[in-house]
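Colleague: For the record, the sequence lines run as chains A, B and C. Sequential numbering from 1 applies to the first sequence in our numbering. Sequential numbering from 1 applies to the second sequence in our numbering. Sequential numbering from 1 applies to the third sequence in our numbering.
Just so you know, the hints here were simulated from the structure itself, not pulled from any lab data. Predicted model only: the values in this text are computed from it and were never measured. A hint or two may mislead.
As the list claims (entries may be wrong) - Derived lysine to aspartate or glutamate pairs resembling DMTMM-like cross-links, with alpha carbons at most 25 Å apart:
1. C:K70 with A:E456
2. A:K269 with A:D147
3. A:K362 with A:D148
4. A:K445 with C:D9
5. A:K362 with A:E398
6. A:K269 with A:D257
7. A:K269 with C:D194
8. A:K362 with A:D147
9. A:K445 with A:E249
10. A:K362 with A:D48
11. A:K445 with C:E75
12. A:K362 with A:E83
13. A:K362 with A:E51
14. A:K269 with A:D449
15. C:K70 with A:D147
16. A:K269 with A:E330
17. A:K269 with A:E359
18. A:K445 with A:D273
19. C:K70 with A:D449
20. C:K70 with A:D48
21. C:K70 with C:D263
22. B:K194 with B:E224
23. A:K445 with A:E253
24. A:K445 with A:D274
25. C:K70 with A:D467
26. A:K445 with C:D162
27. A:K445 with A:E263
Each chain, written out:
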Amino acid sequence: MRRHSRRRASALALTVSGVLLAAGCAGATGGGSSDGERVTAPGPEVLDQAEGVTTVTFWHSMGGGALGDALAALTDRFNEENEGSIRVELVYKNSYDDALTAYKAAISSNQTPSLIQVYDIGSQFMIDSGQTIPVQEFADADGVDFDDLQPNIAGYYSIDDTLYSMPFNTSMPLMYFNVDAFEEAGLDPDNPPRTLADIREAAEALTETDAAGNTTRYGFGAAIYGWFLEQWTAGAGLDMCDGANGREERASEVLIDQDTQVELLQWWKQMIDDGLALNTGRETSAAQDAFTAGRTAITLESTGSLGDFLAGAEGRFEVDTAFYPKVSSEDAGGPIIGGASLWISGPGHEPAEQRAAWEYVKFLSTADNQAEWHTSTGYFPTNRAALETDLDREWRAENPQFDTAVDQLEATELTTATQGCLAGAMPKVRQLAEEAIEAALTGAKSVEDALGDAREALRGEMSAYTDSIGG
Amino acid sequence: MSAALRPSRTTAVLTYVLLAVAAAVLLFPVVFTLVGSFLPKSELVSYPPRLTSGAWTTANYEGVVHSVPLLRQYLNSLLVSGLIMVGHLVTATLSAYAFVFLRVPGRRPLFWLFLSTMMIPWEAIVIPNYLLVVSLGLASSYPALVLPFLANGFGTFLMRQAFLRFPSQLRDAATIDGCGHLRFLLTILVPMSKPVLAALAVWAFLSGWNQFLWPLLVSNSSPELYTLQIGINYLRAVDTNQPGQVLAGITLALVPTLLLVLVGQRWLVRGFTAGAVK
Amino acid sequence: MPNVPLPSDPRRRARRRRDITLALAFLAPSLLVFAVFVFFPLGQAVFLATRGSDLFGRPTVSVGFGNFAKLLTPEFGGVLLLTLGYVVLVVVPSIVLPLALAVPMAQRLPGMRLFRTAFALPFAYSVAAASVVFSLLYNPGTSVLNWVLESLGGQGRAWLTDPSLALVSVALVTVWMNTGFNLLVLSAALAGRDEEVLEAAVLDGARGPSMLFRITIPLITPSLFFLVVVTTLNALQSFGQIFILTRGGPNGATGVLVYSIYDTAFANNASDFGLASAQGLVLLLVGLALAAIQFGIIERRVHYQ
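All chains, full assembly: derive it from the sequences and hints.
Modeller: Given below as structure tokens:
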């Protein structure tokens, strides 16, 4: 309490003196670089030694009804089981981006939460922030391993065989299609398209125009979403960044203008120009609406949208899922997992609090709890054993569309390509990738120029990020 | 009434046609808001949209009140705008009084200083203000939403214009009667300035009510602090895409401002133009 | 002159001192707010604009004019041009359209009050509310607007995804919101015209356009001037409609200055507060320049009664 108010007072003094945060950088305990204060994972004994109830504050981004409710239910159970020793307080911090913005502000004022949920592309930033303890250290201290973790999922969050954060909500991209439209067009819904050429062929049959020449149904339509470009790239077995996707050394270059990506965008642009695909822009909800309204017959989305699609199409048409398509039939890669993981704060937090956060993280990762999470939210279970529980089996029997994701992940070999690019500037990579796709699809630039310019701009962004760690 | 100014029959017919067409176009989004708020997703998210299918439902309203803390957001908006309004009235009245009725050394430069605050777009200094609020430990707090907007050059300007029009004989008479500044201000000046105070109140309330960027920055990681405007934005952005609920939320959020438009048109115009238009 | 004390009166001097104390006390609340939230941040903006940012957005070493140098690029020039284009796209129709409605509505005809109230309704919409409603009207796959256009024999448009149209679509939302209030102001101004002047003009044979341009508009120039200033500043500060509708896209087509500030400082985990502050100072200059132009040129032509 006293420490807290002193901090506030000194922050005020700094502000008034006009040097504001410049000096705050040097003075912040635990802020800044990781070499200042190395915190190691405490063992289980710290909790026994702690007096009273240890409180864990958990910043998460699971809003919007079902997600928030499911997390609250799990957390309530944890708090019940640990009554008298640990209490987890959920703090909803809105989107992942918002949570990170708040987290950065909290670092400056030494008020970080005990635990935070961070999106996949924030991983390198979290490592660089020096604010966290790798979950691997807790596991090593306990002498346990992560054998139950789905290897592709663990792969994304592992660097040099160290698992930094605990994957929690995991999603994957899928191809969704309108079964009724397929049947109307004389296509076989049991044999959905697998490549760009397949989609084009199907789209030619699926696209319909009315008497006035207005297109009533487009064959294809997906959001301009950087994540999808990363998926197509991994699907072709290619790295998105140098340094083996940033897994072997820090990435400095984004390999965004390879032949596969050029081919993809040329295909996409041609689809739009030929009236076979609808450009719904960057807003993913717009692409979802177009599919739900029956205006597009094939779309790309994450596994997390399945529930929404099923509900939205109910009574109008049948929705089915398929593997995320490949650029060409020879492509041997597979999709990258997305979603978010849980990071335990180190500096500025008591060992008991760190340990309590770890206990909670372990709790969320058990087979039963991941099965509950999977079946109530649609997020892929991180724990392989979750798929073997009765709850999960019965649920998938009722909702066979969810099996596609399970099969797809099993069929994906873990390589640096399917691990995905690890880079601090990833959020920026995604933004510039989207701008490049927009420029190419709208004809503002040629595909080659759009991607080449993005690569050039991203080189600057990557080095600016690297500088900001050193600076 | 002069006959010369009465429009001819043809002019009248043309006028009505023009206005009817304009009304149909301009009110279309309003009608869409209202109609859409009573439609299930299956009717709203379809093409062509089925706006008149007769599948009316109040589920959107139930959803938006239950799944979204709309009431909380409503109270936040009322609280924040209300405090901003009161702050404006107090600071503007006091400072305008000082400028008009008290001898302040350096009155002119001081007044220009006040006016200069009107010339600085808030967005130009939003970054340092954000960092300031963070470093004061006020990020995600009601004070952060309110404090920067408790005073404003426009309010002082408006009240000063009104006070300058106050008859000097009345002021002298009050002084002669031994009426001190505070008593004069509270018992004579304020009651006589009710119209302009009301105008300032409307202006300040609405500018607080409609704020977007600042509350987005200082409250966006704290949903319990959302004002209605931020709530509306996130209604559209949440993972479960429910356009009907979004429109229901907007309809509810429109109530206070619609009332202002329907009941207080004159106030409103005076509020925004007073002092600026002769 | 009884009761007026002589200058040397000590009572007067005491009162004078009391007056000054009181004046300072009265000015203090406003001055405090301005000092903390306007002038200190302004100085801070200058300071930040010369600094780099670390991983968490905290200012680091001085970069001199480095951030400003980053603004001397064709890209940022494009942002400025776009901003000015947007302001024009908003301001001109926001004045002309309400005027085109207010003038016929100023005639002595029954039902005009009803129309005035109806036209004022868009004013009840906040930026967020209007933008979200239009995001549904423009929604590429399910655009209600396109459906109406197609039903009337027209063609649907890619309102937000066509780079040549997106800025117009965003401006359209802003114009729609502005129309309600601007119409109210112009109606009030027209109702305040001097009837004798109007009658004299009619008797002199003024009709239609000549009546409008030679009599009516000069009579309401103060209101028009006021609306031009307010609408311009509002347009310059537009953020919510771009944030909600386009996020600056497609392909940068709607990335106006204020959005660019936000994007640099807060979007995509960026935290480049130094560069964003430099952009903020540019916004300040643009705002001051626009204000100077308007007061300098237009005010001279404004006709006060």
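Colleague: Give a verdict on every hint.
Modeller: Tested hints:
no.	hint	result
1	C:K70 with A:E456	16 Å, holds
2	A:K269 with A:D147	44 Å, violated
3	A:K362 with A:D148	12 Å, holds
4	A:K445 with C:D9	82 Å, violated
5	A:K362 with A:E398	29 Å, violated
6	A:K269 with A:D257	16 Å, holds
7	A:K269 with C:D194	61 Å, violated
8	A:K362 with A:D147	13 Å, holds
9	A:K445 with A:E249	32 Å, violated
10	A:K362 with A:D48	18 Å, holds
11	A:K445 with C:E75	15 Å, holds
12	A:K362 with A:E83	17 Å, holds
13	A:K362 with A:E51	22 Å, holds
14	A:K269 with A:D449	14 Å, holds
15	C:K70 with A:D147	49 Å, violated
16	A:K269 with A:E330	22 Å, holds
17	A:K269 with A:E359	50 Å, violated
18	A:K445 with A:D273	14 Å, holds
19	C:K70 with A:D449	22 Å, holds
20	C:K70 with A:D48	55 Å, violated
21	C:K70 with C:D263	15 Å, holds
22	B:K194 with B:E224	35 Å, violated
23	A:K445 with A:E253	21 Å, holds
24	A:K445 with A:D274	18 Å, holds
25	C:K70 with A:D467	16 Å, holds
26	A:K445 with C:D162	14 Å, holds
27	A:K445 with A:E263	15 Å, holds
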